[in-house]
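Please build the complex by placing chain P on the supplied structure of chain R, with the hints as guidance.
For the protein sequence lines, the chains are R and P, in the order given.
Residue 55 in the working numbering sits at position 48 of the first sequence, with consecutive numbering throughout.
Residue 356 in the working numbering sits at position 339 of the second sequence, with consecutive numbering throughout.
These are calculated hints, taken from the structure and not from any lab test.
Quick caveat: nothing in here was measured; it's all calculated off a predicted structure.
Quick reminder that beta carbons are idealized off the backbone N, C-alpha and C, glycines included.
Hints are supplied without guarantee of correctness; some may be wrong.
[Said to hold, decoys possible] Cut-off 20 Å, straight-line C-alpha distance, at most; resulting in silico cross-link-like pairs (SDA-like, lysine to any residue):
#, chain 1, residue 1, chain 2, residue 2
1, P, Lys493, P, Glu416
2, R, Lys510, R, His522
3, R, Lys300, R, Gly208
4, P, Lys359, R, Glu68
5, R, Lys528, R, Gly436
6, P, Lys36, R, His367
7, R, Lys376, P, Ser472
8, P, Lys186, R, Pro62
9, P, Lys186, R, Glu68
10, P, Lys36, R, Glu299
11, P, Lys359, P, Pro168
12, R, Lys203, P, Lys36
[Said to hold, decoys possible] Simulated restraints, written as ranges between beta carbons of each label pair:
#, chain 1, residue 1, chain 2, residue 2, range
13, R, Asn251, P, Leu243, 58 to 66 Å
14, R, Gly180, P, Gln71, 28 to 36 Å
15, P, Leu243, R, Asn127, 56 to 64 Å
16, P, Gln302, R, Cys165, 40 to 48 Å
17, R, Pro507, P, Gln130, 15 to 23 Å
18, P, Glu462, R, Pro332, 35 to 43 Å
19, R, Pro332, P, Ala351, 56 to 64 Å
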Amino acid sequence: MQRAAALVRRGCYPRTLGPWGRGQSSAAAEASAVLKVRPERSRRDRILTLESMNPQVKAVEYAVRGPIVLKAGEIELELQRGIKKPFTEVIRANIGDAQAMGQQPITFLRQVMALCTYPNLLDSPSFPEDAKKRARRILQACGGNSLGSYSASQGVNCIREDVAAYITRRDGGVPADPDNIYLTTGASDGISTILKILVSGGGKSRTGVMIPIPQYPLYSAVISELDAIQVNYYLDEDNCWALNVNELRRAVREAKEHCDPKVLCIINPGNPTGQVQSRKCIEDVIHFAWEEKLFLLADEVYQDNVYSPDCRFHSFKKVLYEMGPEYSSNVELASFHSTSKGYMGECGYRGGYMEVINLHPEIKGQLVKLLSVRLCPPVSGQAAMDIVVNPPVPGEESFEQFSREKESVLGNLARKAKLTEDLFNQVPGIHCNPLQGAMYAFPRIFIPAKAMEAAQAHKMAPDMFYCMKLLEETGICVVPGSGFGQREGTYHFRMTILPPVEKLKTVLQKVKDFHIKFLEKYA
Amino acid sequence: MALRTGDHSQAATNGLKEKVLTLDTMNPCVQKVEYAVRGPIVLRALELEQELRQGVKKPFTEVIRANIGDAQAMGQTPITFLRQVLALCVHPDLLNSPDFPDDAKRRAERILQACGGHSLGAYSISSGTQLIREDVARYIERRDGGIPADPNNIFLSTGASDAIVTLLKLLVAGEGRTRTGVLIPIPQYPLYSAALAELNAVQVDYYLDEERAWALDVAELRRALLQARDHCRPRALCIINPGNPTGQVQTRECIEAVIRFAFEEGLFLLADEVYQDNVYAEGSQFYSFKKVLTEMGPPYTARQELASFHSVSKGYMGECGFRGGYVEVVNMDAAVQQQMQKLRSVRLCPPTPGQVLLDVAVSPPAPSDPSFAQFQAERRAVLAELAAKAKLTEQVFNEAPGIRCNPVQGAMYSFPRVQLPPRAVQRAQELGLAPDMFFCLRLLEETGICVVPGSGFGQREGTYHFRMTILPPMEKLRPLLETLSQFHAKFTREYS
Chain R
8 MQRAAALVRR
18 GCYPRTLGPW
28 GRGQSSAAAE
38 ASAVLKVRPE
48 RSRRDRILTL
58 ESMNPQVKAV
68 EYAVRGPIVL
78 KAGEIELELQ
88 RGIKKPFTEV
98 IRANIGDAQA
108 MGQQPITFLR
118 QVMALCTYPN
128 LLDSPSFPED
138 AKKRARRILQ
148 ACGGNSLGSY
158 SASQGVNCIR
168 EDVAAYITRR
178 DGGVPADPDN
188 IYLTTGASDG
198 ISTILKILVS
208 GGGKSRTGVM
218 IPIPQYPLYS
228 AVISELDAIQ
238 VNYYLDEDNC
248 WALNVNELRR
258 AVREAKEHCD
268 PKVLCIINPG
278 NPTGQVQSRK
288 CIEDVIHFAW
298 EEKLFLLADE
308 VYQDNVYSPD
318 CRFHSFKKVL
328 YEMGPEYSSN
338 VELASFHSTS
348 KGYMGECGYR
358 GGYMEVINLH
368 PEIKGQLVKL
378 LSVRLCPPVS
388 GQAAMDIVVN
398 PPVPGEESFE
408 QFSREKESVL
418 GNLARKAKLT
428 EDLFNQVPGI
438 HCNPLQGAMY
448 AFPRIFIPAK
458 AMEAAQAHKM
468 APDMFYCMKL
478 LEETGICVVP
488 GSGFGQREGT
498 YHFRMTILPP
508 VEKLKTVLQK
518 VKDFHIKFLE
528 KYA
Chain P
18 MALRTGDHSQ
28 AATNGLKEKV
38 LTLDTMNPCV
48 QKVEYAVRGP
58 IVLRALELEQ
68 ELRQGVKKPF
78 TEVIRANIGD
88 AQAMGQTPIT
98 FLRQVLALCV
108 HPDLLNSPDF
118 PDDAKRRAER
128 ILQACGGHSL
138 GAYSISSGTQ
148 LIREDVARYI
158 ERRDGGIPAD
168 PNNIFLSTGA
178 SDAIVTLLKL
188 LVAGEGRTRT
198 GVLIPIPQYP
208 LYSAALAELN
218 AVQVDYYLDE
228 ERAWALDVAE
238 LRRALLQARD
248 HCRPRALCII
258 NPGNPTGQVQ
268 TRECIEAVIR
278 FAFEEGLFLL
288 ADEVYQDNVY
298 AEGSQFYSFK
308 KVLTEMGPPY
318 TARQELASFH
328 SVSKGYMGEC
338 GFRGGYVEVV
348 NMDAAVQQQM
358 QKLRSVRLCP
368 PTPGQVLLDV
378 AVSPPAPSDP
388 SFAQFQAERR
398 AVLAELAAKA
408 KLTEQVFNEA
418 PGIRCNPVQG
428 AMYSFPRVQL
438 PPRAVQRAQE
448 LGLAPDMFFC
458 LRLLEETGIC
468 VVPGSGFGQR
478 EGTYHFRMTI
488 LPPMEKLRPL
498 LETLSQFHAK
508 FTREYS
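Excised from the complex, chain R in its bound form (with noise of 0.2 Å):
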């Protein structure tokens, strides 16, 4: 067929080399013996298999889904199966899933978006107006007025318009333009999409992603199914996790020998680490995307969940725009929110929206066409984003309860980010910086020569050792260190703070009392 031979004449290859300049595979060797007669068929013959299967997909890694949690469901089941173990439950401390911890949903929320499913409660009585007003706003902008009908690819318009307010407000006045507001199925789809437009070239000229080490491994999970080139930048544990512009500037110099680097992430609260980031850091990053010339993508998905009384949220918009034309008119700039974490937890609704702005005019249309192809985001997911940045305000009939839900999840994740520092830095050979925002600890663990030499008998990072020990004697599911990236040479491991907090009483005291038999055990 024309077109696939002119795919192969254009040399619209996939790239030769892998991200660690490792060659090329097999298949090139098999390219010069083209088969022209069906393959011969053996007994055991798969077509897809581990060797034929998409190399970069096999590269991929998920650890907050990965080994350990896997581990965990089968210790679940052999514990259904009433297979006697040392705990009677496992843990899922591995994930940033509020409600399965047993957060609750927000009131408000969940009666808009049963308005909006059935209908037919818009008449009964025990549903506030304000909830019913806001179902009905919502129903009207439907395709037959019904969350069953496709939205337009971006969006709701009036979803991306109330987000744009929402994002007006936050930033105290600096425009949102609604048509810079791209809704999508959590923000890991947008961040997804977003990257996926960015990578192009070969060899030395594969784009590069810069990545804060520790990370939330969605980044290096895409990068790896791209096939685009990881370059790790170091957050400062000794400071915080700081981000050090220095250490961008080392990062990005290394990483112009092999790739050319296009793109900048920040995670600001931080994931894993939990740090707020300055107000003069975020300006400081801006300036260097400038003056680097890199696409910044800001996952501010945690901007609701800052605990330290000495940090706030400074939105990577609002300083770019503060910071005059010259960067707010040129610094081309994803921001990305979601209905996830926040005092929401909506994790299984998949709601969530980017807003970027100084794309290239004819960017906006490549950006729309590729996501039309998926036509649209859960329209559940997009209502639960409207009412996110479009609460009750005060007057509302609901506004009060509103406020208290949201008050009480947000002090209660503040006053558990403490507790888990706190008791963390009690124990001896654990240190875990303060919890400034975010969901988690990311405690750096000490772990002895005679445990990194079983670790290594077992093949297995010693910090994923450390976790399956962990997990193994006390039903606690958390995530290796390595799973996020760490400095060589340290180890760490993730912990959610979103156990209800006498559970999560509980579960500290039990690592604690598991490092000090560990240190014993391997002294």
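For chain P alone, kept in the frame of chain R given last:
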């Protein structure tokens, strides 16, 4: 904050117009992607709607969006029971409400029990809530006359499109002449071509036979395959049954022949079966690839690799916006299946409301349930109306000289062939447009009817088609079909 001192030289070097992301620096594969269903003609339709809202006078009062398979957008009402169960799951306070039937409440409770924290707000496991996958497996078993389905082989997805892309992603490997080739039908649903472009895989076209109601001919598969082996490594064969845009429902013999062919030639089968509930024509019946595969016995049963896709967007449900769907993988290599699970985990999970709707769709009310009667009535009404509209569409189009419409055996589209006079073709070429795009744009401008040109789906060289949904409300459909036919006649006269 002003530019820092010493940075002015940097500013000069940067240049105000140089962006990081331009057409030249963007992902070239993404640039090649096209998706006609929401392509240029739809963008024009949006502009026209905007103009109408602004009070600009047009020869029509509304734009009819007959471009996309979105039933509820065109007025189809959701199934009550589905929405009741979902509302109960969304807001469990409603479990105490007298306004909901008991069976809906029991369903909701059962689902919530299976969710983390008993809430739709928790992530599910990445392949989808265990209980729901079990229900899907049982549905498949019932549908296929008892042939077992394993919940572990079922992955829930964000619409069927999501799962299709995942499978294609897994399959794409090699380079140059060993680059993965994927056989797709022409005409096709352009998700396939778009995904292949994005993944930089090789698209291998096989033509459906318009003269025989879009039948699939294995000789044509063979032709396509042999030619493809010159420049790529064909690894997969995609079938859409019932077909989109073509609406044909393949016979059992055809499906068997396809399976045999795939097995002999070493092709992974992708069976897009999202229209399995949309079969209208007498004499047509849906045969699932899984069922046929199993009944063919060895060596096919245990060795032919197959992925079958379904969705809540079509059928009688029409719940497009919820993005619910699943894939059943059959005979997949265990290690690859683990890789698939891993890949799915990066995006955490498909939207839980979509999972809920899928659950109810695959386990609808039983005859003894209070909601059964209403559910049945609604379901029947939707499907009967679609069947009537399918018939009407075929009939009216075939009355028009110069329009020939194959029977709409299933799905929700007509894909009629239109004769376009040579002068029109020439005019189109002058404008840099595909002739059927030219026709469809003119149709849109003069009647407000938005359909998608056949060039967006693929067609034999020198033939022209458009895809129109059968979804506009019944009372509007006949006038629309007639308006379209009249436009075609006028267009033909104009360019004769």
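Evaluated hints:
{"no.": "1", "hint": "P/Lys493 - P/Glu416", "verdict": "holds (18 Å)"}
{"no.": "2", "hint": "R/Lys510 - R/His522", "verdict": "holds (18 Å)"}
{"no.": "3", "hint": "R/Lys300 - R/Gly208", "verdict": "holds (16 Å)"}
{"no.": "4", "hint": "P/Lys359 - R/Glu68", "verdict": "holds (7 Å)"}
{"no.": "5", "hint": "R/Lys528 - R/Gly436", "verdict": "holds (14 Å)"}
{"no.": "6", "hint": "P/Lys36 - R/His367", "verdict": "holds (7 Å)"}
{"no.": "7", "hint": "R/Lys376 - P/Ser472", "verdict": "holds (17 Å)"}
{"no.": "8", "hint": "P/Lys186 - R/Pro62", "verdict": "holds (10 Å)"}
{"no.": "9", "hint": "P/Lys186 - R/Glu68", "verdict": "holds (15 Å)"}
{"no.": "10", "hint": "P/Lys36 - R/Glu299", "verdict": "holds (11 Å)"}
{"no.": "11", "hint": "P/Lys359 - P/Pro168", "verdict": "holds (17 Å)"}
{"no.": "12", "hint": "R/Lys203 - P/Lys36", "verdict": "holds (17 Å)"}
{"no.": "13", "hint": "R/Asn251 - P/Leu243: 58 to 66 Å", "verdict": "holds (60 Å)"}
{"no.": "14", "hint": "R/Gly180 - P/Gln71: 28 to 36 Å", "verdict": "holds (29 Å)"}
{"no.": "15", "hint": "P/Leu243 - R/Asn127: 56 to 64 Å", "verdict": "holds (58 Å)"}
{"no.": "16", "hint": "P/Gln302 - R/Cys165: 40 to 48 Å", "verdict": "holds (44 Å)"}
{"no.": "17", "hint": "R/Pro507 - P/Gln130: 15 to 23 Å", "verdict": "holds (19 Å)"}
{"no.": "18", "hint": "P/Glu462 - R/Pro332: 35 to 43 Å", "verdict": "holds (41 Å)"}
{"no.": "19", "hint": "R/Pro332 - P/Ala351: 56 to 64 Å", "verdict": "holds (58 Å)"}
The structure is consistent with each of the numbered hints, conforming to all of them.
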